[in-house]
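Participant: Each chain is listed here by its residues.
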Amino acid sequence: MTDILARRTLEKPADEQAIEDLHGILDQLWLDAAFVPALDQMAFTTAVIEAASNVVQHGVPEAGCDLLLGVDLTVAPGRLRAVISEIGAAALDPVPDLDGPPLVSDPDELLEDYDESGRGLSMIRALVTTVTVERQGDTNVWVLSRDSGAGN
Amino acid sequence: MEFTTQDKGRYTEVSASGRLNMVAAPKLREVIDEVVSGGGKRIVVNLADTSFMDSSGLGALIGCLKLARQSGGDLRIAAVQPQVNMVLELTSMHRVLTPHATPEEAFLND
Chain A
1 MTDILARRTL EKPADEQAIE DLHGILDQLW LDAAFVPALD QMAFTTAVIE AASNVVQHGV
61 PEAGCDLLLG VDLTVAPGRL RAVISEIGAA ALDPVPDLDG PPLVSDPDEL LEDYDESGRG
121 LSMIRALVTT VTVERQGDTN VWVLSRDSGA GN
Chain G
1 MEFTTQDKGR YTEVSASGRL NMVAAPKLRE VIDEVVSGGG KRIVVNLADT SFMDSSGLGA
61 LIGCLKLARQ SGGDLRIAAV QPQVNMVLEL TSMHRVLTPH ATPEEAFLND
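Chains as they are written, first to last, in UniProt numbering: chain A, 1 to 152; chain G, 1 to 110.
FYI, nobody ran anything at the bench for these hints, they're computed from the structure.
In this text, all values refer to a predicted model and were calculated from it rather than measured experimentally.
All C-beta atoms, glycine included, are put in the ideal place defined by N, C-alpha and C.
Just to be clear, a hint being listed does not mean it is correct.
As the list claims (entries may be wrong) - Covered stretches of chain G, as calculated for chain A (at least 3 residues, CB under 8 Å):
id, segment
1, 9-22
2, 56-65
3, 75-88
Said to hold, decoys possible - Distance ranges between label pairs, derived from CB positions:
id, chain 1, residue 1, chain 2, residue 2, range
4, G, Glu30, A, His58, 21 to 29 Å
5, A, Glu16, G, Gln81, 21 to 29 Å
6, G, Thr4, A, Ala90, 37 to 45 Å
7, A, Glu62, G, Lys41, 47 to 55 Å
8, A, Leu39, G, Gly38, 37 to 45 Å
9, A, Ala63, G, Gly38, 44 to 52 Å
Said to hold, decoys possible - Here are some chain A residues the structure puts well away from chain G; computed CB gaps all over 12 Å:
id, residue
10, Pro61
11, Ala76
12, Gly78
13, Gly137
Work out the full structure, taking the sequences as your base and the hints as a guide.
Facilitator: Shown next, in the form of C-alpha cells:
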C-alpha cells in the first residue's frame, strides 16, 4: 500500500466554475505538498487542468444524466496521480488520440496548422509519465500519473 | 482574469492578470478584437501577471496573432512567467510567439 502524503478531491457539475474551483484545489494541494519540486507541480497542474477542461468542453452527458466532473489528486512518494472522472457521460467515441498531431518545424506551418483541442491532448501526454482513459460504468475515467522526486 | 489596455504610443499594451484558461480565453479574443477594430496595429500582451496558461489560452493568443496579422499588424508577448514559457516550448509555439523580456522591448527594432 502506497502512503498518501497529500490528497484533495472535487466533484461538481462539469462547467467553467468547476475549472476555477479545480485551480483552487490544486493550489491547496501544493500548500500541503510544498516538498514537491516546482517543475513537477507546474507540469502536473497543467496536465490536470487540460484533462478537466477537456471534460467540460467536450463531455457529452448520457441521456437523462447530469454531467459531473470528479477529481481525485494524490501525492505519494515518487508519484503524483490524478483520477479525473467524467461522471454520467456517454462513452468516448472515438477514444481521444493521446498522441496528438505530429510536430512540425516550420513556424509559418505551425501557425497555419494550429489545432487547439489536439494540442491539449498531446500536452497532457508530454507532461505526465502515463495517461490512460477507460470506461467504468457510466463514467469515463482519465488516470494521469507523473513520476516525481517528491517525498522520497 | 482581468485585462487592461493602454495606448503606449508606439504600441498598444494589453495586460492580462490571472489565469489564461478556457474561461478567460474568449475574453482575451474580445479584448484584442476591440483593439484591432479600433485601429491598433502593434499589440503587446504583457503576461507578467499571468500565472497560468493552458491550450485554450494558447489557442486564444494564436488566434489573436492571426487576427492582428490579417489586419496588417502584429502581436507580441512579453514578461512570460515559467508555466506559460513551459507551455510555449512544449508546443513549439515559442517559435511563433517569441517571448520578449519587457513590453518596451517587443517592438524596439521595428
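Participant: All the hints need checking, so say for each whether the structure fits it.
Facilitator: Comparing the hints with the structure gives:
With 3 residues bearing a CB less than 8 Å from a CB of chain A, the segment 9-22 of chain G meets the requirement of three and the coverage assertion stands. Check on the segment 56-65 of chain G: 5 of its residues sit with their Cβ under 8 Å from a Cβ of chain A, so the three-residue criterion for coverage holds. Coverage of a stretch by a chain is defined here by at least three residues with a beta carbon nearer than 8 Å to that chain's beta carbons; for the segment 75-88 of chain G and chain A the count is 4, and the condition holds. About 23 Å separates the C-beta atoms of G:Glu30 and A:His58, a value consistent with the hinted range of 21 to 29 Å.
Range check, A:Glu16 to G:Gln81: Cβ separation about 23 Å, and the 21 to 29 Å hint holds. Evaluation of the 37 to 45 Å hint for G:Thr4 and A:Ala90 yields a pass: the beta carbon distance comes to about 41 Å. For A:Glu62 paired with G:Lys41, a C-beta distance near 49 Å keeps the hint of 47 to 55 Å intact. Look at A:Leu39 against G:Gly38: about 40 Å separates their beta carbons, and that is inside 37 to 45 Å.
In this structure the supplied range 44 to 52 Å holds for A:Ala63 paired with G:Gly38, their Cβ-Cβ distance being about 47 Å. Every beta carbon of chain G lies more than 12 Å from that of A:Pro61, the smallest distance being close to 18 Å; the non-interface claim holds. For A:Ala76, the shortest C-beta to C-beta distance to chain G comes to about 23 Å, beyond the 12 Å cut-off, and the non-interface label holds. Non-interface call for A:Gly78 relative to chain G: holds, since the shortest CB-CB distance, roughly 22 Å, exceeds 12 Å.
No Cβ of chain G comes within 12 Å of the Cβ of A:Gly137; the nearest lies about 27 Å off, and the non-interface call holds.
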